[in-house]
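Full structure from sequences and hints, please.
Protein chains: 2
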Amino acid sequence: MISSLHDALASRTSIHQFQPDRPLDDARIAALARLATTAPTAYNLQNWRLIAVRSPEGKARLKAAAFGQQKIADASVAFIVCGTLAAHVHLAAALQPSVAAGILQQPVADAWVAQAHASHEGNAALQRDEAQRSASMAAMTLMLAAQGMGLGSCAMGGFDAQQVAAEFGLTALELPVMIVAVGYAGTGNGAQKPRKALAEVLTLA
Amino acid sequence: MISSLHDALASRTSIHQFQPDRPLDDARIAALARLATTAPTAYNLQNWRLIAVRSPEGKARLKAAAFGQQKIADASVAFIVCGTLAAHVHLAAALQPSVAAGILQQPVADAWVAQAHASHEGNAALQRDEAQRSASMAAMTLMLAAQGMGLGSCAMGGFDAQQVAAEFGLTALELPVMIVAVGYAGTGNGAQKPRKALAEVLTLA
Chain P
1 MISSLHDALA SRTSIHQFQP DRPLDDARIA ALARLATTAP TAYNLQNWRL IAVRSPEGKA
61 RLKAAAFGQQ KIADASVAFI VCGTLAAHVH LAAALQPSVA AGILQQPVAD AWVAQAHASH
121 EGNAALQRDE AQRSASMAAM TLMLAAQGMG LGSCAMGGFD AQQVAAEFGL TALELPVMIV
181 AVGYAGTGNG AQKPRKALAE VLTLA
Chain G
1001 MISSLHDALA SRTSIHQFQP DRPLDDARIA ALARLATTAP TAYNLQNWRL IAVRSPEGKA
1061 RLKAAAFGQQ KIADASVAFI VCGTLAAHVH LAAALQPSVA AGILQQPVAD AWVAQAHASH
1121 EGNAALQRDE AQRSASMAAM TLMLAAQGMG LGSCAMGGFD AQQVAAEFGL TALELPVMIV
1181 AVGYAGTGNG AQKPRKALAE VLTLA
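Listed in order, the protein sequences are those of chains P and G.
The opening position of the first sequence corresponds to residue 1 in this note's numbering, with each subsequent residue numbered one higher.
The opening position of the second sequence corresponds to residue 1001 in this note's numbering, with each subsequent residue numbered one higher.
I should point out that these hints are in silico values taken from the structure, not numbers from a laboratory.
Careful, some of the hints might be misleading.
Below, simulated DSBU-like cross-link-like pairs (lysine-lysine); rule was C-alpha separation at most 35 angstroms, straight line [claimed, not checked]:
# : chain 1 : residue 1 : chain 2 : residue 2
1 : G       : K1193     : G       : K1063
2 : P       : K193      : P       : K63
3 : P       : K196      : P       : K63
4 : G       : K1196     : G       : K1063
5 : G       : K1196     : P       : K63
6 : P       : K196      : G       : K1063
In structure tokens form, the structure reads like this:
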């Protein structure tokens, strides 16, 4: 497992050319969503929602909200990965299954809920940061889950958030953080782009 | 590879108890950082920096800035994962190796630079969101890279960002987004916490 996991990370590239007309069945879409939501969240907030856009009609609306990018139409499915705001309000409920399973002690859950309320209540900036973080970690996990199915993916930040929200019925508390297109890689995709030298990005302390 | 990658995602848990006094050599820390920065970024901005805190003295300072959380002291290394603001200013330079390698055509790189300047210049909110997204995807990748080495990890959001910035010499453009503690799992770590039912988090469109 060790080397294959590293190989997977090292070899992942963003896919810009997908094979069109290659649908994924809903069971595989569900499996991708299930794996994506194994990502961690602060306090196990699970402050996210995924909209898997895979109908031609849905993809056309999403493509229009994403400046006409063709990969949304060509990919098998485009996930709108949302982070949710004010998630602390639902934290007690979100933690209950962990308490019931004996993984989390009730007093610890209570302390987390109290901490989350104290820090998040009325703090719009923190709620937004938290939504970005959770959705981004889920998006990264989703891309790797796709890779594990032999599929390619592309994280997309170029879209009109208000248009996406309106077209797909997001609530005022749901922030579309990223679109992740998933499908079968076509031809003409480039190699992984070189990264900065380690000396530029890593400091030891 | 397919099933082992899914197994890795499905079995990852946040490690709260590390075996103390189990250092990681700098070559392995570098390998983790190298893998973490294979994560994607918008326009390949690579708007991140990692500070790998592994000296006892450094860990004591970071622990103090993280409300005394013991796992920072016990973990082999605690990475401060920073997102950088105003990254568009350095995008042309960041893309040059991709152009030189023939992976990216110069006119495409020029167009990305123009787009990034048009959208990011003067837009502090977008710069912050982008920093959160890039750092979070790197953090997720880092946790999986650690898993691939047989190590455990924990994403930590509970710290005083200003104190971290002051203690570790971050610039005003470097935002500490997350701490990722990495080390050898000790005893007493719980199972993965249950996630919400798929019907609560996935919508098909």
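Hints and how they fare:
1. In summary, the hint linking G:K1193 to G:K1063 is supported, as the alpha carbons are separated by about 25 angstroms, within the 35 angstroms threshold.
2. Proximity of P:K193 to P:K63 is assessed by CA-CA distance (about 25 angstroms); at most 35 angstroms being required, the pair is judged to hold.
3. This hinted pair checks out: P:K196 and P:K63 have alpha carbons roughly 32 angstroms apart, not beyond 35 angstroms.
4. Simply put, G:K1196 and G:K1063 have alpha-carbon atoms about 32 angstroms apart, close enough for the 35 angstroms limit, and the pair holds.
5. A C-alpha spacing of about 29 angstroms is found between G:K1196 and P:K63, which places the hinted pair at or below 35 angstroms, so the restraint holds.
6. About 29 angstroms separates the Cα atoms of P:K196 and G:K1063, which keeps this hinted pair within 35 angstroms; it holds.
Checked against the numbered hints above, the structure breaks none of them.
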